[in-house]
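Protein chains in written order, with this note's numbering: chain S, 1 to 383; chain Y, 1 to 573.
Just so you know, these hints were derived from the structure itself, not from any lab.
Certain hints may be false.
Unchecked claim - Heads up, simulated DSS-like pairs for lysine-lysine below, C-alpha to C-alpha not over 27 angstroms straight-line:
no.: 1; chain 1: S; residue 1: K269; chain 2: S; residue 2: K235
no.: 2; chain 1: S; residue 1: K131; chain 2: S; residue 2: K59
no.: 3; chain 1: S; residue 1: K16; chain 2: Y; residue 2: K150
no.: 4; chain 1: S; residue 1: K155; chain 2: S; residue 2: K183
no.: 5; chain 1: Y; residue 1: K460; chain 2: S; residue 2: K131
no.: 6; chain 1: S; residue 1: K16; chain 2: Y; residue 2: K460
no.: 7; chain 1: S; residue 1: K269; chain 2: S; residue 2: K345
Since the model is a prediction, treat every value here as computed from it, not as a measurement.
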Amino acid sequence: MKGLHLYGVSHFHGDKQILDNASLLVPAGELSCLLGPSGCGKTTLLRLAAGLERLQTGKILIDDVVIADEILHEPTELRGIGLMFQDYALFPHLNILDNVTFGIRGVSSPEVRRRAMEMLDQVSMTDHALKHPHMLSGGQQQRVALARALAPFPKLLLLDEPFSGLDASMREQIREETLNVLKQSGVATVMVTHDPEEAMFMADRIKILGSNGRMLQSGRPHDIYFHPQHRLVAKMFGLMNRFETVIDDGCVDIPLGRIHAPGFEEGQKVEVLVRPEGITLDSNGGDGVPVEVQSTHLLGHDNIVRLRLTNDIENSIINNELYVRVHHAFEPELSRLITAGVDPKYTFIFALENKCTETMDSPISSNRSEQHSTELMRGEINP
Amino acid sequence: MGGRHSEVTVSMSPTSASKREVWSWINGWNIGAVIISAIVILPIATVIFIGLTPNDDIWSHLASTVLPLYIATTLQLMIGVGLGTLVIGVGTAWLVSMCRFPGKRIFEWALLLPLAVPAYVIAYVYTDILEFAGPIQSLLRETFGWTSKKAYWFPEIRSLGGAISMMTLVLYPYVYLLSRAAFMEQSVCVLEASRVLGRSPLRSFFSVALPLARPAIVIGISLVLMETLNDFGTVDFFAVSTFTLGIYDVWLNMNNVAGAAQLATALLAFVMFLVLVERFARHKQRFHNMTAKYTDLPRYELQGSKRYLATICCAFPVVFGFIIPAGVLTGFAVLHFESAANADVFRFAGNSVILSGLAAIFAVAIGTFMAYAVRLGRGRLLGALVRFASMGYAVPGSVLAVGVLVSLGALDNGIDGFMRKNIGISTGLLFSGTIVAVTFGYLVRFLALAFGTVEASLGKITPSMDGAARSLGHNPLSTLRRIHLPLIRGSVLAAAILVFVDSMKELPMTVILRPFNFQTLATYVHQFASDEQLGEASFAALAIVCFGILPVIILSFAITRSRPGFPIEVKVP
Chain S
1 MKGLHLYGVS HFHGDKQILD NASLLVPAGE LSCLLGPSGC GKTTLLRLAA
51 GLERLQTGKI LIDDVVIADE ILHEPTELRG IGLMFQDYAL FPHLNILDNV
101 TFGIRGVSSP EVRRRAMEML DQVSMTDHAL KHPHMLSGGQ QQRVALARAL
151 APFPKLLLLD EPFSGLDASM REQIREETLN VLKQSGVATV MVTHDPEEAM
201 FMADRIKILG SNGRMLQSGR PHDIYFHPQH RLVAKMFGLM NRFETVIDDG
251 CVDIPLGRIH APGFEEGQKV EVLVRPEGIT LDSNGGDGVP VEVQSTHLLG
301 HDNIVRLRLT NDIENSIINN ELYVRVHHAF EPELSRLITA GVDPKYTFIF
351 ALENKCTETM DSPISSNRSE QHSTELMRGE INP
Chain Y
1 MGGRHSEVTV SMSPTSASKR EVWSWINGWN IGAVIISAIV ILPIATVIFI
51 GLTPNDDIWS HLASTVLPLY IATTLQLMIG VGLGTLVIGV GTAWLVSMCR
101 FPGKRIFEWA LLLPLAVPAY VIAYVYTDIL EFAGPIQSLL RETFGWTSKK
151 AYWFPEIRSL GGAISMMTLV LYPYVYLLSR AAFMEQSVCV LEASRVLGRS
201 PLRSFFSVAL PLARPAIVIG ISLVLMETLN DFGTVDFFAV STFTLGIYDV
251 WLNMNNVAGA AQLATALLAF VMFLVLVERF ARHKQRFHNM TAKYTDLPRY
301 ELQGSKRYLA TICCAFPVVF GFIIPAGVLT GFAVLHFESA ANADVFRFAG
351 NSVILSGLAA IFAVAIGTFM AYAVRLGRGR LLGALVRFAS MGYAVPGSVL
401 AVGVLVSLGA LDNGIDGFMR KNIGISTGLL FSGTIVAVTF GYLVRFLALA
451 FGTVEASLGK ITPSMDGAAR SLGHNPLSTL RRIHLPLIRG SVLAAAILVF
501 VDSMKELPMT VILRPFNFQT LATYVHQFAS DEQLGEASFA ALAIVCFGIL
551 PVIILSFAIT RSRPGFPIEV KVP
């Protein structure tokens with residue numbers, strides 16, 4: 001298979017385990033994003049693939065050729081992998097053109113120059129070719145770093161948090177430009193990020209990592225968002241409304257209503273996670289549960305509404321506050337009673353105790369994730 | 001989801017760590033660094049080996065006769081010089097860092113000037129001035145009509161006290177330099193916080209700035225004490241029986257290499273203690289820099305007579321440590337120009353330049369190689385080995401001289417024996433008593449200077465530079481040549497100059513290791529000045545002082561710009 005393949009990778013920094021039997025498959029011609037919290041080992045995976053760190057256990061293949069295992073360590077410079085760093089790592093003593101030509105080898109010097117200028121043209125930086133890196137803005141440096149990494153025609157391009165050094169205002173524009181350049185070049189790309197929105201925007205395929213590089217889910221952005229297979233994947237995109245309950249006759253009861261839950265054992269303890277945008281509000285007293293508006297916060301396109309359930313039903317609720325994201329046009333008055341419902345599309349159910357493994361959504365459910373649930377319980381509503 | 005099956009975890013048995021280590025070690029950089037480290041450690045290892053080998057009972061003889069004297073004298077010298085440099089170094093650093101008074105800007109760099117004067121040179125100058133026949137005592141006798149030495153009291157310069165004064169005057173800049181750097185590196189926020197919490201500037205200094213600078217001060221003092229143990233010229237001239245002098249005495253006068261090696265081993269114990277103290281302090285220092293916000297320290301404006309007192313306090317060490325000796329030497333050089341600036345002196349200067357130049361080139365090349373190997377390897381083992389190899393700067397020249405001579409002698413004998421047996425010719429002494437031996441000695445002693453400077457400078461280059469260059473198809477050597485060397489050029493040059501000048505001033509090793517009848521500026525000055533012919537030696541001594549000013553310029557340049565991003569990084573020493 002063409003592309004990058006790491007498997008069975010375990011890695012220690014000193015006594016600290018970074019990766020535990022992690023595996024990763026990135027097919028050629030796709031843009032994959034490694035998404036995960038800081039410390040999950042995603043950058044280490046990238047560094048191992050690039051050969052910046054020596055592989056301790058496991059195997060790394062590019063286009064079905066082993067480039068690293070316990071003994072073999074093909075040096076970085078022979079791997080044909082392009083790499084873009086978080087800090088861009090432009091060489092400060094070389095001008096922009098020399099930075100870009102640095103990696104182009106094996107062709108005549110006019111050809112080197114032509115190729116470099118072509119790359120600079122792609123990122124609209126030809127005017128700056130003779131400047132030095134310190135004279136450029138962060139966004140311009142990012143473009144040069146991208147041109148430099150692509151110039152030698154790498155088999156694979158690795159991007160380590162490529163937009164984290166940019167101002168929020170510039171980030172969206174640069175992100176779009178970068179995506180265009182990458183699509184044009186058609187190079188297989190692996191990008192590491194901790195920003196889910198960035199991953200959703202850029203990726204053909206998102207790979208979500210948990211602690212120690214454990215793959216929680218791999219899929220297209222749509223699957224990741226609407227069909228999370230793990231509670232941590234569901235929680236990736238921000239605050240969730242969380243309820244604990246038990247399976248009752250193939251359904252679950254949460255304060256907002258009764259939801260169909262096939263594939264669980266009767267009496268199984270479960271947690272129900274509802275996205276803030278999955279709660280529907282009606283100020284005209286339509287169907288639903290009565291709730292009281294605590295506060296509203298206008299974010300721009302959306303409005304964040306905090307609600308309190310008025311009839312605190314006996315079961316399951318940890319914090320009787322609801323966190324809702326609605327279109328800004330909907331702006332309920334404070335302390336008014338309105339009604340709330342739930343959209344099952346945004347509702348995910350995960351088994352709480354590990355009695356039953358054939359849960360509907362989470363084939364990778366394991367003991368380890370259970371340990372997390374207690375820590376995460378309290379953090380649900382608090383940002 | 002084509003990928004999911006391949007990403008499902010596969011159980012694999014972990015490889016043993018030792019196996020990995022072995023494999024990852026095999027490359028040119030590591031092997032080179034290990035071989036160089038072994039060669040550099042060899043002289044010290046030789047001394048310890050001979051010193052610990054039981055040998056015709058010289059040790060018990062030494063222990064019952066001279067050893068107690070050596071220990072007592074050495075300790076007194078260390079305590080005296082340590083206290084003297086502490087008071088002068090920290091005091092002046094505090095004044096120029098925290099206060100405003102006339103001449104402050106000049107004193108900032110002028111206080112470093114005495115570093116240019118080797119202790120033996122200042123000792124010759126003051127002996128010339130202060131001895132019985134010197135101008136001061138002559139003037140006193142004339143003025144008060146005294147006729148004999150018994151008629152009045154005058155401090156004897158050629159004594160332990162004299163040696164302490166001389167060394168204090170030229171070594172305090174180490175303490176000054178490091179404590180000043182520490183004061184300047186301290187975050188202004190810490191001091192401001194202390195002020196906001198209601199402490200006066202002076203109390204803030206004693207309760208915040210000084211404790212924070214303590215590790216740096218300890219490092220400074222331990223460097224001073226290492227130099228004190230290293231000194232040969234002064235204690236020889238003043239006949240102060242320290243360990244170093246003892247080693248020469250046992251070796252050259254009693255002709256006993258084993259005894260000298262045993263004394264050297266005992267001296268190494270002192271040094272090891274200092275090295276441990278220094279390492280501990282450096283370790284602690286790392287935790288003291290917490291914030292990255294550096295602005296000018298708030299300066300305390302001195303009022304009235306205090307201002308002039310501060311000026312006088314700062315002027316004292318500069319005047320006595322540099323201006324008087326340099327002035328006297330200049331006077332002598334003018335007065336005795338005919339005899340002092342002769343062709344021999346220029347030849348000896350040439351010898352000095354060749355030896356020091358070779359040492360500088362080798363030290364910088366090897367230091368860069370080792371620092372880069374450590375950066376590439378990132379292994380703790382290699383780092384520890386290289387650090388151990390660069391401990392030569394702490395080892396007194398006399399000890400290294402013994403080690404170099406003995407180990408090169410053994411090598412010469414080995415080669416000679418092999419050649420005689422197999423080819424039938426005698427090669428004699430190939431290395432001993434040649435400039436190879438002297439250069440090797442300098443290299444062992446000053447490699448740390450080059451290594452430390454280059455390593456510190458490399459440390460400021462983010463590792464992603466290496467990664468970027470490697471991912472763009474350049475191997476480690478090409479990356480060093482095209483990325484690192486251009487970026488650290490300034491520091492490499494600074495390191496070369498530091499090694500060059502230190503080699504030029506070096507006396508204890510040169511005296512022993514030089515070829516027969518081969519003179520450098522330092523040995524020439526030593527020979528003539530200790531015969532009380534300072535006039536003859538004045539030109540050469542002045543030349544050494546002039547060369548010595550070079551690192552002072554580099555250091556003061558480095559310290560005023562010791563802010564993030566500045567390309568020259570100097571490790572002291």
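Okay, the hints, checked on the actual structure:
For the proposed pair S/K269 and S/K235, the alpha carbon gap of about 19 angstroms is at most 27 angstroms, so the pair holds. With a C-alpha separation of about 42 angstroms, the suggested pairing of S/K131 with S/K59 is violated against the 27 angstroms cut-off. A distance of roughly 76 angstroms separates the Cα atoms of S/K16 and Y/K150; the hinted pair therefore is violated under the 27 angstroms criterion. For the given pair, S/K155 sits about 14 angstroms from S/K183 by alpha-carbon distance, which is consistent with the 27 angstroms threshold.
For the given pair, Y/K460 sits about 23 angstroms from S/K131 by alpha-carbon distance, which is consistent with the 27 angstroms threshold. Distance hint between S/K16 and Y/K460 is fulfilled; the C-alpha atoms sit about 26 angstroms from each other, no more than 27 angstroms. For the hint pairing S/K269 with S/K345, the CA-to-CA distance comes to about 21 angstroms; that is within 27 angstroms, so the pair holds.
Hint violations for this structure: numbers 2, 3, all remaining hints satisfied.
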